[in-house]
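Sequences and hints are given; from them, build the entire structure.
In our numbering, the protein residues as written are 1 to 79.
In case anyone wonders, no lab produced these hints; they're calculated from the structure. Mixed in with the good hints there might be a few duds.
What the hints assert, rightly or not - Label-pair ranges, simulated between beta-carbon atoms:
| # | residue 1 | residue 2 | range |
| --- | --- | --- | --- |
| 1 | A33 | V13 | 28 to 34 Å |
| 2 | N15 | E41 | 15 to 21 Å |
| 3 | T73 | L43 | 16 to 22 Å |
| 4 | R59 | A33 | 16 to 22 Å |
| 5 | G57 | A33 | 17 to 23 Å |
| 6 | V13 | L75 | 17 to 23 Å |
| 7 | V61 | L20 | 16 to 22 Å |
| 8 | G69 | L44 | 14 to 20 Å |
| 9 | A14 | D56 | 27 to 33 Å |
What the hints assert, rightly or not - Derived DSBU-like pairs (lysine-lysine); straight-line CA-CA distance at most 35 Å:
| # | residue 1 | residue 2 |
| --- | --- | --- |
| 10 | K37 | K6 |
| 11 | K6 | K50 |
| 12 | K50 | K17 |
| 13 | K64 | K50 |
| 14 | K64 | K17 |
| 15 | K64 | K37 |
| 16 | K17 | K37 |
Don't be surprised by glycine CBs; every beta carbon is placed ideally from N, CA and C.
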Amino acid sequence: MIQQSKIRVVYQVANEKIMLGEAFGKTCGDIAAMWLKAPMEELLTDEGFKISLYDDGGRHVADKAVSMGTADTILAVVD
1 MIQQSKIRVV YQVANEKIML GEAFGKTCGD IAAMWLKAPM EELLTDEGFK
51 ISLYDDGGRH VADKAVSMGT ADTILAVVD
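Next comes the structure, spelled out in structure tokens:
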């Protein structure tokens with residue numbers, strides 16, 4: 001099994017999370033740069049588009065609320 005860092009894109013409604021896709025990088029730096037460039041949305045509720053960063057060992061690192069446009073951009077670069 002190849003270990004890669006990744007960004008998982010989800011849409012959250014109430015307590016349900018719907019996974020829309022994952023973006024994998026050729027190197028950890030690719031994904032880290034994409035994560036850092038993604039603008040954070042300020043949400044009044046816990047619902048909406050979110051991205052989750054995972055390291056190359058599969059461990060969850062962080063979450064970030066994003067806009068639909070940012071989520072689409074990340075999913076468009078899926079390898």
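Checklist entry - If you check each hint against the structure, which ones fail? => result When the structure is compared with the hints, none of them turns out to be violated.
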